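Generate coordinates for the entire structure from the input sequences, incorporating the hints supplied.
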Amino acid sequence: MSASAEATVLITHEVGLHARPSVKFTKLAKTFSAEVEVALAANGPWFDAKSIVKVMAAKAPKGTVLHIRARGDGAGEAVGALVELVRRDFDEGVDHARTA
Numbered sequence: 005m006s007a008s009a010e011a012t013v014l015i016t017h018e019v020g021l022h023a024r025p026s027v028k029f030t031k032l033a034k035t036f037s038a039e040v041e042v043a044l045a046a047n048g049p050w051f052d053a054k055s056i057v058k059v060m061a062a063k064a065p066k067g068t069v070l071h072i073r074a075r076g077d078g079a080g081e082a083v084g085a086l087v088e089l090v091r092r093d094f095d096e097g098v099d100h101a102r103t104a
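Heads up, the sequence shown is in the numbering used here, so the first residue is 5 and it goes up one at a time.
These are calculated hints, taken from the structure and not from any lab test.
Predicted model only: the values in this text are computed from it and were never measured.
The reader is advised that the hints may include incorrect statements.
Lysine-lysine pairs mimicking DSS-like chemistry, simulated, CA-CA at most 25 Å apart [unchecked claim]: (1) K34 - K63; (2) K66 - K54; (3) K54 - K28; (4) K28 - K63; (5) K28 - K66; (6) K63 - K31; (7) K31 - K54.
Right, dumping it as structure tokens:
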């Protein structure tokens, strides 16, 4: 029986899940071996969170509740990390900026 996890998070970023936030979201999702999916409604449709094309195509604006689920190794970690990224406004604020 493989691990699974699900969560929801409100998008508060001004531009929503658009270009830069989508890139950050998919890059983080790809760091986990679990299958990760997102949806804009609890009943779907669900799409691959590791696909930049599919994530950007969702065009999720500010105020959207994002549904995230994962299955497989690291499912809980994957969902938790993605939820936190969204809560931190995709690390685009001054307080959360990362330096190289």
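Hints and how they fare:
no.	hint	verdict
1	K34 - K63	holds (20 Å)
2	K66 - K54	holds (21 Å)
3	K54 - K28	holds (10 Å)
4	K28 - K63	holds (15 Å)
5	K28 - K66	holds (16 Å)
6	K63 - K31	holds (17 Å)
7	K31 - K54	holds (7 Å)
This entry satisfies every hint, going by the numbered hints stated previously.
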